[in-house]
Amino acid sequence: MNLLTVNNLNVSFHIKGIELAALIDVSFTLNRGERIAIVGESGAGKSILGLSIVNLLDKPGYIKSGSVKLENKELSKMNTRQLQEIRGKRIAMIFQDPMMTLNPVLTIGAQLVEAIRSHTRISFKDARNIAIEKLHSVQIASPERRFDQYPHELSGGMRQRVIIASVLLLNPDIIIADEPTTALDVTIQAEIIQLLLDVCHDNSMALILISHDLGVVSRVAERTLVMYAGRIVEEAPTLELINDPQHPYTQGLLNALPQMSLPGQRLNQIQGNMPALNDRPSGCAFHPRCPYATQKCRSEQPNFIYNGISSVSCFLVEDMLEEENSEEDSLDIEYATFHDEGQL
Amino acid sequence: MLTFLFRRLIQAFFVMITISVISFAIQGKLGDPVQQMVGTTVSPAERAHLRQELGLNESFTVQYWHFLKNAAHGNFGISYYYKKPVLDLIFERMPATLELAFCAIILVALFATPFGIYAAIRPRSILSRLIMAFSTLGLSVPIFIVAIFLVYVFSIQLHIAPSFGRGHTIDVFGIWKSGLFTKSGLHHLMLPSITLAFALMPIFIRLIRSEMMEVLHSEYIRFAWSKGLSTNRIYFVHALKNTMLPVITIGGIQAGTLIAYTILTETIFQWPGMGFLFIDAVSRVDTPLISAYLMVVGGIFVTTNTVVDLIYGLVNPTVKLENHGL
Amino acid sequence: MSYLKKDIIPPSAGSRRQRIWCGFLGDKLATLALAVFIFYCIIALFAPLLAPYNINSLNFMDLNNAEIAPSWISGDPRFLLGTDAQGRDLLSVILYGTRLSLTIGICAVLIQATLGICIGLTAGYLGGRVDNFLMRCADVQLSFPTMMVAIVFLAIFQALFGIELYQQLAMLMLILVIGLAEWPIFARTVRASVLAEKQKEYVDAARIMGISTKRIMFKHILPNTLSPVLIIFTVQIASAIATEAALSFLGLGMPSSDPSLGSLISAGFSYMFSGSWWICILPSIALIVLILVMNLLGDWLRGYLNPRTYRD
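Same order as they appear, the protein sequences are chains A, B and C.
Heads up: take any position in the first sequence, counting from 1, add 417, and you land on the working numbering.
Just so you know, the working numbering puts 89 at position 101 of the second sequence, and the rest follows in order with no gaps.
Just so you know, the working numbering puts 13 at position 24 of the third sequence, and the rest follows in order with no gaps.
These aren't lab readings, by the way, just hints derived from the structure by calculation.
A couple of the hints might just be wrong.
Computed from the model, here is a short list of chain C residues facing chain B with C-beta under 7 Å [stated by the list, open to error]:
1. F133
2. P134
3. I140
4. A148
5. A234
6. L239
7. S273
8. I277
9. L281
Yeah, the Cβ is synthetic: ideal placement off N, Cα and C, and Gly gets one too.
Just chain A, with the same shape it has in the complex (with noise of 0.2 Å):
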């Protein structure tokens, strides 16, 4: 049985009397201990769905329907209690900036006791000595003194670990990490990565990662979603996704790597922007920045097609599907009519 399911997961914006999708028909599934990573740029709507998974949606945004299942746990219909129990426990989150994440006025130890305090009926005592054990099974030095400083006493590589070890404290099923590195220092990003990893590994975690960063992902994740517009375009293996990218969205990401162009040339970008919530354009949201767009592309959207590794959402990939078997077919007829002949 699948750890997390999601199926046709649709999230809206209420403003002002105007519904704005966020998400369309979103649909995934992780395994125990998997990691899987979504990607996309700004905007696509990657950190809406990690929020969304716990129901963290803010005000406006709300599920609209489908749903998010932990095992056979319905959890987009739970309510604020029931999901406190989930989050945290469950399912664990990191955010994107490690300056931010942590309340300026309560001291490290406060927040980590808290959390194991909401879950648990346990000592304050017992609870500090837990804390105090994943702090340093982050890699803190130190960790009685750290427990009673406050965060701004800390670098950000230093919180990022903070929180890592905060959301270590229940042992969760799945940790949801929305751009967990973006925010620090470029040698750091390597540390706090190789961390994650290591404590994913040792405790058997499930990892969603959400990142704009392939170079991290191919480091990181088994299995990769790459988002559209609030659409889930291209699912594969990361390997064969890197080597081989089926959508031309994907094709385009890989492409603007810097790695992929010569010095002293212009990095490829894609061309455009991805679209805001409120023009998103008809058919393939991808097809204006499209080099492959056809008149078709313009107005139908692309159904998933599975070619045996990855799922793609994209008419151009259907049609080389198609071709490919139909060419198939016509040797198989051409073999078919030579054996007749011979037989003749």
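Add chains B and C to chain A, keeping to what the hints say.
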């Protein structure tokens, strides 16, 4: 932290100097002290002699220096009208004003905090809309009209509360005349303190609400939710603590507004406090009293602002030691 | 949720003025507030024509007519809203009082705005030490509440000039004191918008083209800072009118011979106890509605234009 402290003190010092110059200028320029002392029957020669004796022919700076020296000794001169040392007069009236301000602050804290928090947590509920409508209305109704309304309803129509004076007072520790311990004193305190609280309430409700809303949208609150903390813990530990810090600072800066409003309230209810004394002194051109009031109230004002700022700096672990004004 | 807002807010369509206007008619409360405000402006402008009695005529004050209740109570058709303690027609005095209150409010805020905008532009555009110094001044000035400053200074002036002379100068003094006290609110807001605008490319472009600093400030930057200024302008008028009323109530403002709404209320207060409530209540209502309308307009503008305004 030390530079912060130092800067605050320097600033407070300069403001006090400015206030003292203004007070001095009032004393020196308004009316002729000699005239006030001896009347019109004295010959010009004797007057000149008296002027010399009083040091009125000295240069401005020397006179100002004398003024400061006297002020440091608590000597601000004699009231023209009451014929008593002005500082004694002011200290005699001070308990009344402080008790009034204290009750008003308690009322504000008791009502503004829950209302503001509620309006921030449930911004769309009907009660929040009512609270916000009330605070808009409260901002628009001048305090003296609130007072008039209260007097009309509770004194004139219902005869529940007296509309002027302070009622019976009793001595506490021999120096403090308190109205807080007698039934009549508390009775008299009702309308003035409600009026004063009304003046500050809308400001604080709006302040608490907007600060709280900003905090509730912050990333660390979202992280707190994601940890599965209880709703109460998020609202009252994570959010409230961050809300109250700026509220206390900005609230401290409202000390001046409070002073101004006590003057109005005391005048309306003929409350025998410092503000009432001041307005009386103005209409009688009792210059020593005016100038002493300015020095005392200026001192209170500067002290509260500085102390509030310093406390904020001490309490808030992340205090950004930036310029906050005074 | 910054990334959300960015995605959601639609690209601005049509001119700003058009947007304000369309939004206005959509909001009933705002439309009502605007209508009432225009009504007040008309009253203020045409008070001499609208008032049933000429307040400057010699027989306007007639003690024989003192304390007549409004006509729906007393049945006296000569005085629609009754008369005050000196026998003046209350409707006429209120009309003139509104005119005075509104004039003082608008003039005072004009002074605030002029000072504040100039200082804010200078501080924001020049930056560095000038900016630092001007903003320090603004901080110190703001830390003294207007009411307190106004009470102190008007008290001093009154003692200095003597009551007689002061009453002649009262209007000017009120405008000056209220006008000088709150410029930092404008200055801060303008400065903040200037700093934001300054980074945009068109300012650089204008500078490279050799357009003078003053011209850049007034022709290019200022128009872009106007929407927050408009909001503050509205709200400040409300607060200036309230301050003026409170000062007049304390006897530090307009004299009762030339009354603003505040001094009318003040004069009427003592007659509350003798039962002549209308002398006090009717001008109070006029004042509350005026201030409320200005605050509602300001609130609505703030909600609709939603720029950052820096009050504290």
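Item to check | Structure-inconsistent hints, enumerated in ascending order | outcome: none
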